[in-house]
Amino acid sequence: MKILQNNQIFFAAFCGLMLVCGFAICSGLGVAAGETGTISVSTSLMGGDIYIDTYPVGSGYYVGEYGIGTHTISFGKVKGFKTPESEIINLEVNETEYINVTYIKIPEGILIVNTIPLSGDIHVNGDKVGNGYFEGMYEDNTVLEISFGDMEGYITPDGEEVIIIADVQTSREGKYEEIPKGWINVNTMSDDDKINGDAGKILIDGEFDGIGSCNKSFYGGTTHSVSFCAVDGYIKPVGRSVDVKAGEVISVIGNYIKKTTYWINISTISDDGKINGDQGEIFSNNTSIGVGRGAIEVYENSNPTILFGEIEGYTKPDLIPVKEITKDVNISGIYIHIPRYTINITTEPVEGDIEVNDVFKGKGSFEDEYCKGTNLTMSFGEVGDCFVGYKSPEPLHITVDSNRSEVVYYTKIPGRTIGIITVTKEGNNVNGPIYVNGILKGRGGVELECRSDRLHEISYGDCGEYYDNERKKPKYITPPPETVNITKCDYVEGVYGKKKYPPIAKIIPVKPETALYEDVAFNAGASYDMDGRIVRYIWDFSDGLAEGEVTSHRFTTTGKKSVKLTVIDNDGDQSTDMVTVVVKRKPIVKLTKINDTRINIAIFNPMIRPVDPHKNPAAVSVDARVEVNSRIGVTMSTSGLFHCNLDQGKKFERGISMECEEPYDVWVEYTYRFQDEDELRSSHTNSLRMPAKPSGKKPKSIPNLPSWIGVFIILLVFTIKKRRH
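1 is the number of the first residue of the sequence shown in the working numbering; add one for each residue after it.
Keep in mind that the hints were calculated from the coordinates and are not lab data. Careful: at least some of the hints might be erroneous.
[Claimed, not checked] DSSO-like, lysine-lysine: derived pairs with alpha carbons at most 30 Å apart:
(1) Lys506 x Lys564
(2) Lys564 x Lys500
(3) Lys201 x Lys216
(4) Lys363 x Lys412
(5) Lys473 x Lys500
(6) Lys316 x Lys372
(7) Lys274 x Lys216
(8) Lys499 x Lys472
(9) Lys391 x Lys361
(10) Lys216 x Lys236
Whenever a hint applies, use it, and build me the whole structure from the sequences.
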């Protein structure tokens, strides 16, 4: 709070001070509040800028209020017009001061400048204003300096000073005159007349201008250098400086002097007489000129260098410099024979790779001849594998000076025995493949020696035990590989974990179609569990649940029904299978045996909830036919025996009596139609087996038998009676 109070006090003091200063300033100027006048300014002919007390206020016209007192009115420049003089006014209270000034046009003249015969740059007062032609307006009595740009090959016109006169055209012309030229004519020749303007490169001022001859023009009064390039076999001419004069031709001759040549004949020999101009490559200035013998043509006073190539078993001749040749010369290169010695190397107790100067020479032993003084480095390869190994000997360095035989020894690397077995998590042995560093070493268990100077990777393979040999479902999980340091570990177990599989749910196929309220059997007997047993079978029929390996279900609505089987094994794993059953409406027809000669047929239209609640439940019409089959064929057939119309929930029953001398089957075929559908559906009941009637009586009626069967029976009876008589 104290800080805020201090800030408030400071702000109040500052405001008071500003008010006092403002009052003092106003008092000093002698202007009281509200004491102003009006200033009105306008310009004629041109709208020039208007300034009041040096501040810009407008252009062409301005009106504004100002404090009483003295004010200066000034005006801006307008090209081509004279600027009005500044005015000073004394503004009174509530008065208007009118200022009207006129811009007066300044008289001008025309300046025209051109150049001939070329378009050269035109400058006015040092500024470039055009090229070849310029036209411009300038004020009366303006003094201008006209000048021209340089053009190569021409003399630049002189500049001059002009004064512009009002309403007068001032013209000036700059004439470029060509600078006079001279010529340099150059030719080459030789003292043996073999060069006659057709050889030798010519350079003028260091630039190539021709071979053998050239003719080139230059401005008079200039100096140029002429030089020549070398021609093989000749001494090139000395260059010279040439002063060119206007209108003159200066001839320059380059005289090439033929050089004198001599022959150098070279051959090779040796101190042991085995080389006699037939071996050893010869070089002149690093260019091969032959083997054993060679000759080169050289110029007088030249300094070639002769070199010789290597020959195995000999020291090559030294480099021979030939200085200032003045005659033909014969040179011999003498090869010095180098003594050769036999070097023999053997490795023990194992055969190791032998390399000499990084070149493989043999395994276990090596022998060869080398020249005296040859430096040899013998290196030896590693011997062994990941189980048994030998340390490579250190490289052997030999300078050949005599026959020499060396035995080099490999040192065995220490090893250690390790035992490896494969077991299950329960500790039971399992016949698993065992790999050491990728090499199969056994199954179930191994004991082997391994090198102690390296790590070893132990891995395992499929043990070959399966729940299902056809499906190749392994019983065990293969252990992961592991890296072992045998200096710290001499026993390893590969533990095979038991592999778990979920049960397999499988529904034995059922009839794809069934009827409402008809028992449908479902069987999960095809389901199995490879690593245990199934403990629960759960059936989901969409409209109900059931449990058990075998069950049945009645569907109460029509349509496609998905039946889902879920099986759960003793490990709690589960799987599912599904089938689809199409449920249709169908009357229930049952054929029931009452006794050996009587059956009962019953037809029932089950109660079904209509899809549309505004419609009545559908009635059904049924037509049935009963047929009796025995060994001798159809013995009884009744077409149209039954016909009924049943509302839902209604039942029709009827008994039938029949007799037959042999066992027979009875079955019913029927067709039906629901009143709310156009589809005609038919089905058969299961047949019913009946025994033979002991009385031997024939069936009461055999209707609908074909005519040829009746005739056959009559003829058969007639024949039997005739034989009896």
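Hints versus structure:
1. About 10 Å separates the Cα atoms of Lys506 and Lys564, which keeps this hinted pair within 30 Å; it holds.
2. In summary, the hint linking Lys564 to Lys500 is supported, as the alpha carbons are separated by about 24 Å, within the 30 Å threshold.
3. Proposed proximity of Lys201 and Lys216 is supported: the alpha carbons are some 15 Å apart, at most 30 Å.
4. A distance of roughly 18 Å separates the Cα atoms of Lys363 and Lys412; the hinted pair therefore holds under the 30 Å criterion.
5. Between Lys473 and Lys500, the direct Cα distance comes to roughly 10 Å. Compliance with the 30 Å bound is thereby established for this hinted pair.
6. A threshold of 30 Å between alpha carbons decides the hint, and for Lys316 with Lys372 the separation of about 14 Å falls inside it, so the pair holds.
7. Taken as a hint, the Lys274 and Lys216 pair is broken in the structure, with Cα atoms around 66 Å apart against an allowance of 30 Å.
8. About 13 Å separates the Cα atoms of Lys499 and Lys472, which keeps this hinted pair within 30 Å; it holds.
9. Distance hint between Lys391 and Lys361 is fulfilled; the C-alpha atoms sit about 20 Å from each other, no more than 30 Å.
10. A threshold of 30 Å between alpha carbons decides the hint, and for Lys216 with Lys236 the separation of about 22 Å falls inside it, so the pair holds.
Hint 7 alone, counting from the list given before, is not met by this structure.
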